[in-house]
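S.K.: Sequence:
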Amino acid sequence: PAHDRADAKALLDDRGYTGKLIRGQNPALLFEKGVRERIIESYYWKEQCFGLNAATICDRAADMKFIGGTTGIMGRPTPFLCLAFKLLQLVPEDAIVREYLNFRDEEEGEEGDGEDGEDAMDEDAKDDEKKNGQANGHTHDSDLNAAGKLGSFKYLRCLAAFYIRLAWEPVDIYKTLEPLLTDYRKIKRRTKDGFTLTFVDQFVDDLLTKDRVCATALWKLTPRSILEDLEMLDPRESPLAGEVDAMDEDEGSG
1 PAHDRADAKA LLDDRGYTGK LIRGQNPALL FEKGVRERII ESYYWKEQCF
51 GLNAATICDR AADMKFIGGT TGIMGRPTPF LCLAFKLLQL VPEDAIVREY
101 LNFRDEEEGE EGDGEDGEDA MDEDAKDDEK KNGQANGHTH DSDLNAAGKL
151 GSFKYLRCLA AFYIRLAWEP VDIYKTLEPL LTDYRKIKRR TKDGFTLTFV
201 DQFVDDLLTK DRVCATALWK LTPRSILEDL EMLDPRESPL AGEVDAMDED
251 EGSG
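So for the sequence shown, UniProt numbering puts the first residue at 1; every next one is plus one.
Worth flagging that the hints you see were computed from the coordinates, not collected in a lab. Just so you know, these numbers come straight off a predicted model, no measurement behind them. Certain hints may be false.
[To be verified] Here are the simulated lysine-lysine pairs, DSBU-like style, with alpha carbons at most 30 Å apart:
id, residue 1, residue 2
1, K186, K65
2, K210, K188
3, K65, K210
4, K20, K186
5, K175, K210
6, K46, K192
7, K175, K186
[Stated by the list, open to error] Now the in silico label distances, taken between C-beta atoms and shown as ranges:
id, residue 1, residue 2, range
8, A217, E249, 22 to 32 Å
9, T198, P223, 34 to 44 Å
10, A217, D250, 21 to 31 Å
Note that beta-carbon positions come from the ideal geometry of N, C-alpha and C, so glycine has one too.
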């Protein structure tokens, strides 16, 4: 019977691999060999990732305190990188991955505005998002992320975005990740020497524009302009387009 193996032996078997493929290859090959070896030898992988499935991995992701690739002189993998590798082992269905982004319905967002909803989100992040939303003229209907109503588990959202960039096709990547560019919450990023502060939208922008993120070489993403020329994507409208037009009008009238 079909089942998920708790260890990574089947995933790392180059010759006898019979699991799900990503773009025609073993998902493990999306990580460089050195990174793969460090992950499977790490304490976090052996202790915290053993036996996880598409549901229980959410508990580990919800406990994460930062994103990042490898740390220190020895290049020790972060929990974020270990869980991303675990997702490559599981290859969950697209609908499940979208749930990891933890968008909530508008009605649920309104119901969650009480004490429980406030406890789930950092107070500083909510204040920043509220200010950004008001400054940019965003409303609750047009920009729920900036209003602080969606995605309480921001590190789970980052993990899902990272997996999407690795595993999905270009059109789906753009359609799924670009809405996250309005998520202005603060997140911690682990570097080789310490920690740095960044934002969810900056991390998503890195996934869409850079070739290497979190100690992982990303496959070449088809430029958005080409997909627009092929009519596979509609031109993207910037959330700041209205504000820029207003500034141009003010300068012209002045």
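S.K.: For each hint, tell me whether it holds in the structure or not.
M.R.: Evaluated hints:
1. K186 to K65: The given pair, whose Cα atoms are some 11 Å apart, holds under the 30 Å limit.
2. K210 to K188: holds, 19 Å
3. K65 to K210: The given pair, whose Cα atoms are some 23 Å apart, holds under the 30 Å limit.
4. K20 to K186: violated, 35 Å
5. K175 to K210: The hint holds at about 17 Å.
6. K46 to K192: holds, 22 Å
7. K175 to K186: Holds. K175 to K186 sits at ~23 Å (cutoff 30 Å).
8. A217 to E249: 22 to 32 Å: violated, 44 Å
9. T198 to P223: 34 to 44 Å: Since T198 and P223 have Cβ atoms about 24 Å apart, the given range 34 to 44 Å is violated.
10. A217 to D250: 21 to 31 Å: violated, 45 Å
The structure shown violates the earlier hints numbered 4, 8, 9 and 10.
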